[in-house]
Amino acid sequence: MVKYIDEFRNPNIAKSLSQKIHEIMPDSKINLMEICGGHTITIFKYGIKKLLPQNLNLISGPGCPVCVTDNSFIDSAIELSHLQNVIICSFGDMLRVPGSHSSLINEKSKQSDIRICYSPMDAIEIAKNNKNMEIIFLGIGFETTVPLIASSIISAKSEGLKNFSVLSGHKTMPNAMKALLDSEDIRLDGFICPGHVSAITGLDLYKIIAEKYKIPCVVSGFEPIDMLESIYMLVKQIKENISTVQNQYTRVVRNQGNQKAIEIMNRVFEPVDAEWRGLGIIPGSGLKIKSEFQQFDANQKFDIPLIEKKENPGCICGNIMRGINTPLDCKLFKKICTPQSPQGACMVSDEGTCATYFKYSL
Amino acid sequence: MCLAIPMKILKIENNIAFAEVGEIEYQANLDIISDARVGDYIIVHAGFAIEKLDEETALENLKIWQDIAEFEEKRQQKMG
Numbered sequence: 000m001v002k003y004i005d006e007f008r009n010p011n012i013a014k015s016l017s018q019k020i021h022e023i024m025p026d027s028k029i030n031l032m033e034i035c036g037g038h039t040i041t042i043f044k045y046g047i048k049k050l051l052p053q054n055l056n057l058i059s060g061p062g063c064p065v066c067v068t069d070n071s072f073i074d075s076a077i078e079l080s081h082l083q084n085v086i087i088c089s090f091g092d093m094l095r096v097p098g099s100h101s102s103l104i105n106e107k108s109k110q111s112d113i114r115i116c117y118s119p120m121d122a123i124e125i126a127k128n129n130k131n132m133e134i135i136f137l138g139i140g141f142e143t144t145v146p147l148i149a150s151s152i153i154s155a156k157s158e159g160l161k162n163f164s165v166l167s168g169h170k171t172m173p174n175a176m177k178a179l180l181d182s183e184d185i186r187l188d189g190f191i192c193p194g195h196v197s198a199i200t201g202l203d204l205y206k207i208i209a210e211k212y213k214i215p216c217v218v219s220g221f222e223p224i225d226m227l228e229s230i231y232m233l234v235k236q237i238k239e240n241i242s243t244v245q246n247q248y249t250r251v252v253r254n255q256g257n258q259k260a261i262e263i264m265n266r267v268f269e270p271v272d273a274e275w276r277g278l279g280i281i282p283g284s285g286l287k288i289k290s291e292f293q294q295f296d297a298n299q300k301f302d303i304p305l306i307e308k309k310e311n312p313g314c315i316c317g318n319i320m321r322g323i324n325t326p327l328d329c330k331l332f333k334k335i336c337t338p339q340s341p342q343g344a345c346m347v348s349d350e351g352t353c354a355t356y357f358k359y360s361l
Numbered sequence: 000m001c002l003a004i005p006m007k008i009l010k011i012e013n014n015i016a017f018a019e020v021g022e023i024e025y026q027a028n029l030d031i032i033s034d035a036r037v038g039d040y041i042i043v044h045a046g047f048a049i050e051k052l053d054e055e056t057a058l059e060n061l062k063i064w065q066d067i068a069e070f071e072e073k074r075q076q077k078m079g
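If you read the sequences in order, they're chains X and Z.
0 is the number of the first residue of the first sequence in numbering that gives the first Met the number 0; add one for each residue after it.
0 is the number of the first residue of the second sequence in numbering that gives the first Met the number 0; add one for each residue after it.
Any given hint could turn out to be false.
Said to hold, decoys possible - Counterexamples of contact, computed for chain Z against chain X with all Cβ distances above 12 Å:
no.: 1; residue: Lys10
no.: 2; residue: Ile11
no.: 3; residue: Glu12
Unchecked claim - With a straight-line Cα cutoff of 20 Å, these simulated EDC-like cross-link-like pairs (lysine to aspartate or glutamate) come out:
no.: 4; chain 1: X; residue 1: Lys2; chain 2: Z; residue 2: Glu59
no.: 5; chain 1: X; residue 1: Lys14; chain 2: Z; residue 2: Glu69
no.: 6; chain 1: X; residue 1: Lys309; chain 2: X; residue 2: Glu106
no.: 7; chain 1: X; residue 1: Lys235; chain 2: Z; residue 2: Glu71
no.: 8; chain 1: X; residue 1: Lys156; chain 2: X; residue 2: Asp296
Claimed, not checked - Coverage of chain X stretches by chain Z, computed from C-beta distances (three or more under 8 Å per stretch; other residues unrestricted):
no.: 9; region: 108-120
no.: 10; region: 219-232
no.: 11; region: 309-317
The hints are simulated quantities; they were obtained by calculation from the structure and are not laboratory data.
Since the model is a prediction, treat every value here as computed from it, not as a measurement.
We treat Cβ as the ideally placed atom computed from N, Cα and C, and that holds for glycine.
If we strip away everything but chain X, and leave its shape as in the complex, we get (with noise of 0.2 Å):
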């Protein structure tokens, strides 16, 4: 038995919320969004949406990192890779991904020095050990990810290291969720809001949200108990037509967030217009390195050639990030489109929609 983890897995519990959420579940249809691609993995590999009512539908949202990264952004990995004496490290999944004319794990197979990285402080210690090469780490991640980034940039100079430098493709929560909102694709009526960024961030994030967009917003822990609490919650604020921000999340979420991650995070990155697939650009959405740091940002350091930007025509990644098809609508899915030979981001990420999908076969 894992501490903390079996006990939110206890049937018993379940049931019993399954039932209290069919017991308060209106007649008419509600459209609940889970943001993170984590909690898409808890609801199908739970059978989530067996235990709920027949017109309570849930939306996977824009919260997978690899799946929101831009094909330019790869593009621009694999030309930095293409650099003499660099080597590139970046989080593994990143490596399958297509971009425009190829991926890293393509330019991995030719001649580029690609390296897999658990965390950024691997991407230090090769810098240490490799003083005559230049190391890329290959940010990407929302709020979870970038406090740990940052904090490595300021590891990297306090020890005066000059071989290593930060690709930032870091996204940052609320302004994805507006953009969601504002595009009016798809009518939500509630958020699953993702339990680690708001683990970092707290919760007032979410308050203009509930506020301005009238719509309830959830914060859930990745267990299935957790799920169907935060859904039951939900359900319940739709019922009595309000809208606030609530935290499920309890024993690992406090209101004010990790206030030491997040002041790190401020000293290092700032706010930048940023490209999202199948969201386009959305204004403030990314993060750029201070100028403070900017020996350490790999986009000053390094002229990066612009590379003319192609997408697969047949993937439609993009509409499944803005909850408007699932990847059952894809033509490529199942087919083509497989975790073995992906043909686009979501297929390539343990937390991609289309990744779930398959591994769960509905």
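For this one, chain X is given, so just place chain Z on it according to the hints.
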């Protein structure tokens, strides 16, 4: 990328936690959290602890839902 598994800290050296889950031992950097101690449970992401788990709250939440589940079961039995 995101391991949502709470790990128990066994020892701390140079602000690195040696933590276990099941019988597997992991190392986690503690630079972005405050006041982590041996015996605490931490949530680890990409080699860094991002937050501590509040055990009291976790147990309280579970107790509430266990009580509700038991009450529901008894109610169903009565009705059945």
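Going through the hints against the structure:
Every Cβ of chain X is farther than 12 Å from the Cβ of lysine 10 of chain Z; the closest lies at roughly 18 Å, confirming the non-interface assignment. Taking the minimum C-beta to C-beta distance to chain X, about 16 Å, the non-interface status of isoleucine 11 of chain Z holds against the 12 Å cut. The claim that glutamate 12 of chain Z is not at the interface with chain X holds, since no C-beta of that chain comes within 12 Å of its own (minimum 15 Å). This hinted pair checks out: lysine 2 of chain X and glutamate 59 of chain Z have alpha carbons roughly 14 Å apart, not beyond 20 Å.
Note on lysine 14 of chain X and glutamate 69 of chain Z: the hinted pairing holds, with a Cα-Cα distance of about 11 Å set against a maximum of 20 Å. Only pairs whose Cα atoms come within 20 Å are accepted, and lysine 309 of chain X paired with glutamate 106 of chain X is accepted, the gap being roughly 17 Å. For a cut-off of 20 Å, the pair hint linking lysine 235 of chain X to glutamate 71 of chain Z stands: about 19 Å separates their Cα positions. Restraint check: the Cα-Cα separation between lysine 156 of chain X and aspartate 296 of chain X comes to about 12 Å, which is no more than 20 Å; the hinted pair holds.
Given a C-beta distance limit of less than 8 Å, the hint that chain Z covers the region 108-120 of chain X holds, as 4 residues qualify and 3 suffice. Against chain Z, the region 219-232 of chain X contributes 5 residues with a C-beta closer than 8 Å to a partner C-beta. That satisfies the three-residue criterion, and the hint holds. For the region 309-317 of chain X, the proposed coverage by chain Z is not satisfied: 0 residues have a C-beta within less than 8 Å of a C-beta in that chain, short of the threshold of three.
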